[in-house]
Amino acid sequence: MMRTRKRRSPAAVGRLLLCSLLALAPLVVTGKATAPAEIAAQALPAEARATLARIRASGPFPYERDGVVFGNRERLLPAEPRGYYLEYTVPTPGVRGRGARRIVCGGHVAVDSECYYSDDHYRSFRKIEP
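Numbering-wise (this note's numbering), the sequence shown opens with residue 208 and increments by one.
Rather than coming from a laboratory, the hints here were simulated on the basis of the structure.
Every residue, glycine too, gets a C-beta built ideally from N, C-alpha and C.
Check before you lean on any hint, since a few could be wrong.
Unchecked claim - Listed next, with one range per pair, are the computed distances between beta-carbon atoms:
| no. | residue 1 | residue 2 | range |
| --- | --- | --- | --- |
| 1 | P288 | A253 | 12 to 22 Å |
| 2 | E336 | R303 | 24 to 34 Å |
| 3 | S331 | Y291 | 30 to 40 Å |
| 4 | R256 | G301 | 15 to 25 Å |
The whole structure should be built from the sequences, with the hints applied where relevant.
In structure tokens:
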């Protein structure tokens, strides 16, 4: 038995395209996503606060990939030149390996930098407020 594929009407295709464009409108108009939500440093999990303290002290870091360039390919953070953002692992209790939690910092980290927390492997970020 051969199944036929139902064709969408031009109007349905147009509506689908319009909805897609409207969803992307903030990125098209401003060139970047809306500003990430904020989280107070004291509201971070204990492991994230410890990682933040290591970042501010310039180490030592427990993971080989700590301090590597974060490319911001998701474009969820403010647009900056490549090399501006560095990423650091936040340990997750009970998880082997690096897990999904990260802190990404930009600018001169040892001074007052802009840092962001992600607990879902870069799908979302919250700006860390001191």
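### Message
Hints numbered earlier in the text: which of these fail when held up against the supplied structure?
### Response
Of the numbered hints given earlier, those the structure breaks are 1, 3, listed in rising order.
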